[in-house]
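S.K.: Listed here are the chains, written in short residue letters.
2 protein chains.
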Amino acid sequence: MAILQLGSIEAGGTKFVCAVGNEDYRTLDKVRIPTTTPEETLDKTVAYFKKFPDLKAIAISSFGPIELRRNSPKYGFITDTPKKGWANTDFLGRLKQDFDIPMAWTTDVNGSAYGEYVTSTLFNEKINSLVYFTIGTGVGAGAVIDGKFVGSMGHPEVGHVRLKRHPDDLDFPGICPFHGDCLEGLVSGPTFDARLGKPGKDVPLTDHVWDIMAYYVAQAALQETLLLRPDKIVFGGGVVSEPFLVKVRAEFAKLLNGYVDVGDLTDYIVMPLVKENGSATLGDYALALKEYNK
Amino acid sequence: MAILQLGSIEAGGTKFVCAVGNEDYRTLDKVRIPTTTPEETLDKTVAYFKKFPDLKAIAISSFGPIELRRNSPKYGFITDTPKKGWANTDFLGRLKQDFDIPMAWTTDVNGSAYGEYVTSTLFNEKINSLVYFTIGTGVGAGAVIDGKFVGSMGHPEVGHVRLKRHPDDLDFPGICPFHGDCLEGLVSGPTFDARLGKPGKDVPLTDHVWDIMAYYVAQAALQETLLLRPDKIVFGGGVVSEPFLVKVRAEFAKLLNGYVDVGDLTDYIVMPLVKENGSATLGDYALALKEYNK
Ligand SMILES: Nc1ncnc2c1ncn2[C@@H]1O[C@H](COP(=O)(O)OP(=O)(O)O)[C@@H](O)[C@H]1O
Ligand SMILES: Nc1ncnc2c1ncn2[C@@H]1O[C@H](COP(=O)(O)OP(=O)(O)O)[C@@H](O)[C@H]1O
Ligand SMILES: [Zn+2]
Ligand SMILES: [Zn+2]
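Residue numbers (the numbering used here), protein chains in the order written: chain V, 68 to 361; chain Z, 68 to 361.
In case anyone wonders, no lab produced these hints; they're calculated from the structure.
Honestly, I wouldn't trust all of these hints.
Now the stretches of chain Z that chain V is said to cover, found in silico as 3 or more residues with beta-carbon under 8 Å [as the list claims (entries may be wrong)]:
id : stretch
1  : 207-220
2  : 225-234
3  : 245-257
4  : 343-356
Computed from a predicted structure; not experimentally measured.
Virtual Cβ for every residue (Gly too), placed ideally from N, Cα, C.
Construct all of the structure, not just a fragment, from the sequences and the given hints.
M.R.: See the structure below:
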């Protein structure tokens with residue numbers, strides 16, 4: 068039996084992870100390309116995939132904001148990103164110059180959400196909907212309902228909601244250049260540096276700032292719960308660890324106060340099933356396969 | 068040509084509005100039944116629809132919480148409502164005792180959301196998704212994406228999210244018995260009585276409390292915007308008026324700060340298209356028709 072080759076591009080602000088896998092979601096080959104200029108980075112990406120002439124489809128999970136309305140002339144573009152040089156980049160168009168195969172195009176967090184959704188199903192969890200949060204340099208989330216991404220005007224931008232401030236954190240103005248104390252302005256990785264003058268990895272979990280973080284992240288989970296009623300909320304990104312999620316679950320339970328039933332919290336608010344930040348790559352294989360089968 | 072008769076039950080905590088309409092969403096007959104005990108109210112409801120032997124389907128938009136997971140033994144029930152006598156009421160089961168026709172079952176706000184969604188489409192708006200908020204005795208919202216309701220674990224309960232407090236409202240504890248200062252605890256109709264000792268209809272729009280209300284309601288709209296990216300957000304309920312929405316739009320614009328494009332705010336944050344609280348009844352006709360055509 069011939070093995071189907073499927074391409075994945077996880078396009079991040081620091082690096083691109085390009086990989087080739089098969090319909091069993093197994094990675095056959097993988098490479099990291101540093102994110103420099105769009106021209107250089109996309110040329111290297113194209114050159115990499117040229118080595119796989121049997122490639123059947125490619126899926127791209129990109130940092131954003133991106134245009135994903137198919138009826139837009141900018142479909143496939145990275146739009147008004149603050150990342151230097153990358154605003155208004157025709158990402159998909161560049162790939163189409165060299166490859167005449169089906170392509171899927173979505174956000175990094177949507178790709179991760181899809182990977183976790185597919186993996187949950189493979190693990191026989193009864194999942195119809197899932198939210199994937201990343202809490203890293205920025206904060207974002209992707210959501211899948213019945214195999215489709217949420218967002219018809221555009222992709223979600225949950226990093227910029229407002230929250231009830233923690234009583235012990237009222238003086239911190241937040242670091243979002245657009246909103247100050249939005250979710251991202253209060254809990255992204257760089258908030259550790261802003262609050263304490265050192266990176267989060269050097270702040271022990273006994274520090275009270277982690278309780279404050281948990282209070283905010285729990286409110287974000289609460290919003291998704293009450294607006295979407297998903298079956299599961301997955302948290303990834305550099306800031307997140309299982310001990311941190313223990314705190315998040317405790318705050319979430321207090322905030323929800325039993326108002327709706329979400330089942331066992333240890334199954335509801337969870338770390339990714341796919342290890343080593345592989346959720347988006349796996350999601351991409353699944354999205355590429357879906358595009359190929361269309 | 069025979070006219071299709073479709074039944075609508077808008078089941079509220081104060082009254083049931085029962086109506087019969089046709090596939091053009093025109094009302095042929097309508098009656099109000101006060102909400103007393105489940106037995107009496109549902110008996111009267113059944114008796115009303117018995118007068119229409121040609122009825123082809125019925126849709127119910129009910130106050131909640133309700134069970135809408137079809138695989139649940141309690142599907143069709145009003146579940147743990149605080150409304151006296153109504154907890155654990157087999158609403159759909161009672162109707163099925165007397166009618167052997169297709170029935171749709173959803174929440175009051177979902178019914179309204181669907182009515183507005185259908186009407187928007189009839190008005191040639193390009194709408195793929197819509198959120199309907201009610202701000203009345205309680206606060207809730209329903210959401211439709213591509214013709215389907217959002218919520219796979221259960222229906223949304225957006226009334227209980229937390230918000231950034233307005234600097235001039237920090238001392239008000241909120242009135243939600245479960246959460247204090249959740250959205251409903253801060254902006255439902257009875258908060259006027261709690262804050263000012265008089266009902267909202269007696270508080271002029273020049274009163275600063277309306278700015279505070281607008282700040283919170285704008286945050287609720289912001290959450291829906293950033294989590295769902297809907298095409299339109301409709302506000303109904305006794306507290307809402309067009310002059311109030313003018314304030315809400317202004318606060319929303321400040322909070323969003325141009326971060327995502329939602330188009331013209333006067334088309335995005337709007338009053339219902341269907342007049343006289345008729346959104347749910349119209350939505351019910353459409354849902355009943357859909358059930359009939361299945
Ligand atoms: N153990 C940790 N605790 C808290 N924050 C951390 C930890 N490790 C990394 N971070 C923070 O996470 C952010 C990077 O997140 P990551 O998800 O790895 O990358 P990115 O979001 O850029 O893709 C940085 O701000 C970093 O300081
Ligand atoms: N003009 C008004 N301004 C502010 N609040 C109002 C106004 N009219 C009614 N209300 C409040 O709205 C609530 C009733 O909301 P409504 O949507 O009519 O009913 P319900 O939510 O019970 O179905 C009450 O708390 C009432 O005080
Ligand atoms: Zn922000
Ligand atoms: Zn509440």
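S.K.: Work down the list of hints and note, for each, if the structure agrees.
M.R.: How the hints compare with the structure:
no. : hint    : verdict
1   : 207-220 : holds (count 9)
2   : 225-234 : holds (count 8)
3   : 245-257 : holds (count 3)
4   : 343-356 : violated (count 0)
The structure shown violates just one earlier hint, number 4.
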